[in-house]
Amino acid sequence: AQSVTQLGSHVSVSEGALVLLRCNYSSSVPPYLFWYVQYPNQGLQLLLKYTSAATLVKGINGFEAEFKKSETSFHLTKPSAHMSDAAEYFCAVSGNSGAGSYQLTFGKGTKLSVIP
Amino acid sequence: KAGVTQTPRYLIKTRGQQVTLSCSPISGHRSVSWYQQTPGQGLQFLFEYFSETQRNKGNFPGRFSGRQFSNSRSEMNVSTLELGDSALYLCASSLERRGTDTQYFGPGTRLTVL
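Protein chains in written order, with our numbering: chain A, 3 to 118; chain B, 11 to 124.
Derived from the structure by calculation, the hints contain no laboratory data.
Hints are not guaranteed to be accurate.
Claimed, not checked - In silico DSS-like links for lysine-lysine, alpha-carbon gap of 25 Å or less:
| no. | chain 1 | residue 1 | chain 2 | residue 2 |
| --- | --- | --- | --- | --- |
| 1 | A | Lys70 | A | Lys110 |
| 2 | A | Lys70 | A | Lys113 |
| 3 | A | Lys71 | A | Lys60 |
| 4 | A | Lys110 | A | Lys60 |
| 5 | A | Lys60 | B | Lys11 |
| 6 | B | Lys67 | A | Lys110 |
Said to hold, decoys possible - Some chain B residues well away from chain A (every beta-carbon gap over 10 Å; in silico):
| no. | residue |
| --- | --- |
| 7 | Thr30 |
| 8 | Arg40 |
| 9 | Ser43 |
| 10 | Leu53 |
| 11 | Gly68 |
| 12 | Ser75 |
| 13 | Arg77 |
| 14 | Leu93 |
| 15 | Arg108 |
| 16 | Val123 |
The structure presented is a predicted model; accordingly, all values stated were derived computationally and were not measured.
For glycine and all other residues, C-beta sits at the position ideal for the given N, C-alpha and C.
Please model the entire structure based on the sequences and the hints provided.
So this is what it looks like as structure tokens:
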């Protein structure tokens, strides 16, 4: 079984400051990890994913995440926050739940506020 | 290429009624998954369909069911609605069923049960 823990349900940063959203995972097999963003009244949009290639993954909108196996972490960062980054961010792990089916297990989400 | 579409976007029902939600995946995608999103429980997996067969089911009561058609379009049905079924229901499609496949999400159907 796999699980995801996102530390901090709310994070506030000033515009132009570093964004750091934390995600730790638990998985009995090598994980596939994803970060999604959700804007109000919308579905989830993929930011980036880790699929066992490079440990530093670059995504859209200037976001990146680093897979650290020793720390079972996949934290999301962005060097400089923009007002448009205000949204809810979800970390997810994809694991084989049997019969060849992969389901996403999500963290509880982190709401990012950007202060002008 | 058009994204995942879900209809209707909003629904209001009363307790005891049933509801059917529809999802059209991205063209060429064969796997469709459904998730329930609530403030208290977050995002929870409901079920996954591939080639018209349910391949996996989450921990939800039998009142929640679904199906997939030959064109990969999917519907989910909730019978005997309860207040706790109020949620955003998200559909996601992916090309195949590999763990590395990205699941692309629709905008969701917001169900309110009164």
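Inset, instruction - Starting from Lys71 of chain A, check that the Cα of Lys60 of chain A is at most 25 Å away, please. - result: Holds, because 17 Å separates the two Cα atoms, which is no more than 25 Å.
Inset, instruction - Just double-check Arg40 of chain B for me: nearest Cβ-Cβ distance to chain A has to come out over 10 Å. - result: holds (13 Å)
Inset, instruction - Quickly compare the C-alpha distance for Lys67 of chain B and Lys110 of chain A to 25 Å and report which way the hint goes. - result: holds (20 Å)
Inset, instruction - Please confirm whether Leu93 of chain B is truly not at the interface, meaning its C-beta sits more than 10 Å away from all C-beta atoms of chain A. - result: holds (22 Å)
Legend entry - Verdict on Ser43 of chain B as a residue remote from chain A, using beta-carbon distances over 10 Å: Label violated. Min Cβ-Cβ 7 Å, cutoff 10 Å.
Legend entry - 10 Å cut-off, C-beta based - Leu53 of chain B kept clear of every residue in chain A: violated (4 Å)
Legend entry - Minimum Cβ-Cβ distance from Val123 of chain B to chain A exceeds 10 Å: The assertion about Val123 of chain B holds, with a minimum of 19 Å to chain A.
Inset, instruction - Examine each Cβ of chain A, and state whether all of them lie more than 10 Å from the Cβ of Arg108 of chain B. - result: The claim breaks: Arg108 of chain B does not keep its Cβ more than 10 Å from every Cβ of chain A (closest is about 7 Å).
Legend entry - Given hint Lys11 of chain B paired with Lys60 of chain A - CA-CA distance at most 25 Å: holds (23 Å)
Inset, instruction - Test the statement that Gly68 of chain B is away from the interface with chain A: the closest C-beta pair must be farther apart than 10 Å. - result: With a cut-off of 10 Å, Gly68 of chain B comes too close to chain A, as the shortest Cβ separation is near 7 Å.
Inset, instruction - Decide, holds or violated, for the assertion that all CB atoms of chain A are farther than 10 Å from the CB of Thr30 of chain B. - result: The claim stands: Thr30 of chain B keeps its Cβ more than 10 Å from every Cβ of chain A (closest is about 19 Å).
Inset, instruction - Say whether it holds or is violated: Ser75 of chain B keeps its Cβ farther than 10 Å from all Cβ of chain A. - result: It holds; Ser75 of chain B is separated from chain A by about 17 Å at its closest Cβ, greater than 10 Å.
Taken one by one, the earlier hints fail for this structure at numbers 9, 10, 11 and 15, listed in ascending order.
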